[in-house]
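One-letter residues, chain by chain:
2 protein chains.
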Amino acid sequence: MSLLVVGTVAFDAIETPFGKTDKIVGGAASYIALASSYFTKEINLVSVVGDDFPQEFMNTLKGQGVNLDGLQIKQGEKSFFWSGRYHNDMNSRDTLDTQLNVLGDFDPIVPESYKNCEFLMLGNLMPAVQQKVLSQLSKRPKLIVLDTMNFWMDIAMPELLETLKGIDVLTINDSEARQLSGEYSLVKAAQKILAMGPKVLVIKKGEHGALLFNKEEVFFAPALPLEDVFDPTGAGDSFAGGFIGYLAKTKDISFENMKRAIIFGSAMASFTVEKFGTERLIGLSQEDVSNRVQEFVDLVQFDISLV
Amino acid sequence: MSLLVVGTVAFDAIETPFGKTDKIVGGAASYIALASSYFTKEINLVSVVGDDFPQEFMNTLKGQGVNLDGLQIKQGEKSFFWSGRYHNDMNSRDTLDTQLNVLGDFDPIVPESYKNCEFLMLGNLMPAVQQKVLSQLSKRPKLIVLDTMNFWMDIAMPELLETLKGIDVLTINDSEARQLSGEYSLVKAAQKILAMGPKVLVIKKGEHGALLFNKEEVFFAPALPLEDVFDPTGAGDSFAGGFIGYLAKTKDISFENMKRAIIFGSAMASFTVEKFGTERLIGLSQEDVSNRVQEFVDLVQFDISLV
Numbered sequence: 001m002s003l004l005v006v007g008t009v010a011f012d013a014i015e016t017p018f019g020k021t022d023k024i025v026g027g028a029a030s031y032i033a034l035a036s037s038y039f040t041k042e043i044n045l046v047s048v049v050g051d052d053f054p055q056e057f058m059n060t061l062k063g064q065g066v067n068l069d070g071l072q073i074k075q076g077e078k079s080f081f082w083s084g085r086y087h088n089d090m091n092s093r094d095t096l097d098t099q100l101n102v103l104g105d106f107d108p109i110v111p112e113s114y115k116n117c118e119f120l121m122l123g124n125l126m127p128a129v130q131q132k133v134l135s136q137l138s139k140r141p142k143l144i145v146l147d148t149m150n151f152w153m154d155i156a157m158p159e160l161l162e163t164l165k166g167i168d169v170l171t172i173n174d175s176e177a178r179q180l181s182g183e184y185s186l187v188k189a190a191q192k193i194l195a196m197g198p199k200v201l202v203i204k205k206g207e208h209g210a211l212l213f214n215k216e217e218v219f220f221a222p223a224l225p226l227e228d229v230f231d232p233t234g235a236g237d238s239f240a241g242g243f244i245g246y247l248a249k250t251k252d253i254s255f256e257n258m259k260r261a262i263i264f265g266s267a268m269a270s271f272t273v274e275k276f277g278t279e280r281l282i283g284l285s286q287e288d289v290s291n292r293v294q295e296f297v298d299l300v301q302f303d304i305s306l307v
Numbered sequence: 001m002s003l004l005v006v007g008t009v010a011f012d013a014i015e016t017p018f019g020k021t022d023k024i025v026g027g028a029a030s031y032i033a034l035a036s037s038y039f040t041k042e043i044n045l046v047s048v049v050g051d052d053f054p055q056e057f058m059n060t061l062k063g064q065g066v067n068l069d070g071l072q073i074k075q076g077e078k079s080f081f082w083s084g085r086y087h088n089d090m091n092s093r094d095t096l097d098t099q100l101n102v103l104g105d106f107d108p109i110v111p112e113s114y115k116n117c118e119f120l121m122l123g124n125l126m127p128a129v130q131q132k133v134l135s136q137l138s139k140r141p142k143l144i145v146l147d148t149m150n151f152w153m154d155i156a157m158p159e160l161l162e163t164l165k166g167i168d169v170l171t172i173n174d175s176e177a178r179q180l181s182g183e184y185s186l187v188k189a190a191q192k193i194l195a196m197g198p199k200v201l202v203i204k205k206g207e208h209g210a211l212l213f214n215k216e217e218v219f220f221a222p223a224l225p226l227e228d229v230f231d232p233t234g235a236g237d238s239f240a241g242g243f244i245g246y247l248a249k250t251k252d253i254s255f256e257n258m259k260r261a262i263i264f265g266s267a268m269a270s271f272t273v274e275k276f277g278t279e280r281l282i283g284l285s286q287e288d289v290s291n292r293v294q295e296f297v298d299l300v301q302f303d304i305s306l307v
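Protein chains in written order, with my numbering: chain G, 1 to 307; chain E, 1 to 307.
It is worth saying that the hints were derived from the structure and are not from the lab. It should be emphasised that the depicted structure is a prediction, and the values quoted were computed from it without experimental measurement.
Heads up, simulated BS3-like pairs for lysine-lysine below, C-alpha to C-alpha not over 27 Å straight-line: (1) K215/G x K188/G; (2) K62/E x K74/E; (3) K215/G x K275/E; (4) K192/E x K275/G; (5) K275/G x K188/E; (6) K205/G x K205/E; (7) K205/E x K259/G; (8) K275/E x K20/E; (9) K142/G x K192/G; (10) K205/E x K188/G; (11) K188/E x K205/G; (12) K165/G x K139/G; (13) K275/E x K192/G; (14) K205/G x K259/E; (15) K188/G x K275/E.
All chains, please: the whole structure from these sequences, using the hints.
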């Protein structure tokens, strides 16, 4: 039951009220692959880096069971780089620098051995690139999850809308759901977006949790109240990785199981924000993950008998 | 097991993106009393109005089982009046007008028959007035819940801190918790506030739900995702009314039961915001309340077996 992860593997430089980093490893696919690796070991990666990317991190990914045959390494070129500064509330940030580098003309090539994947996670990338991956698969995956962002809604809405028609689950944040639908109410926004193609919509609200919608049902998963959110970078990608990793492990794509999957996704995101970059997602034990999920259970479970 | 409710009974004029009202009935104690009346029928009210206040609404309160012997009616004076305009996000608002009127020199008088109340809900008022009520009671209630706001933190912090020493549960919103504690992290804020006196803290986050803290535990209740939030006025007071009403009904002030109580409180708040003012809190059936609580159960309950 293999999982194909597509997205950026890149460098970030991050400033938060707690400190700042030099160039560290980041990128949507890095977080997704690491987070999902706690649930399944058949993970295939499609991405691109320059020859400046550290072998050490590639070894880390391999050590977590991630197959890198689909990771293109462009000699003489540089990896994608993003730099940003978070505001005090950690919910908003300014982009300080973006260097597309190898991402500028990224032509994703799906290796033969990946083409019959059962689960596909299309991390945030230009919709045309996400579409190119879809078109190379030998059969439709059992589940296609797509993450995107406001940037593509601003500059590539027609391609994004076309891509949405063919997917199963869309993950976006609350302001993106409002932008995509033109509705302020998230309930109304969800219904409009579900009419665009996805069967399921996940609306990520950062420290305020996440909502899971299909056309008839809604489920809410809280975020864990943390003493400190150290660095929110990668939280949404870690969430997506935990979500699809759990679904790939359990091979059950019912709405009931997706409820469990977003709790596991939220747990993985809660680890990520505790340290800079991908650091906290490396070397977790199964017990760490179970204990964290138990905290979510304790946080929201109550027992009401209605007469 | 009587419940004493103290707070304003007043007029509001409200503008939201959905419309505007003339002078309508509002006030913290109005919402608290109505919301709690779905759980207990021994409700005593202490408040003050002018001779301009409509007999019809007093009859409505009486019809819901609320005793008005402690409602002072000041002849020749006017009721408290507040006017405000909500922004598009419904989480922020501008005050357009405040006329203290009878509230300016409100001297609360607790009738003899109220003085042995078991449950006390001190709605948002100047801390000195809340303190005056406490000093008139013949014995300490089983549970004292206090609601306050940033305004009193700005102008009457010493009196507020003194009042907090003697209460059991404090309900405030997230920005007020940050202001009172000086901590941005709500987890850290909660621990600082619990050191000020209250044994339990409820942090209300509006559309993002509510957190319940004691020194060892934390519980999160979501807000119901609604198609439209029509008018948020009174949501926090309705929440408090449902919370203490449920506790008074069940006579159980354990943390486990408070979890249930904040779900009932959230349910009452979710009714209030569906219409202007107190309208939606009048004439609900027990079935309406049960069905609404069931929506909260469905929204957050999931079943994870951790190995």
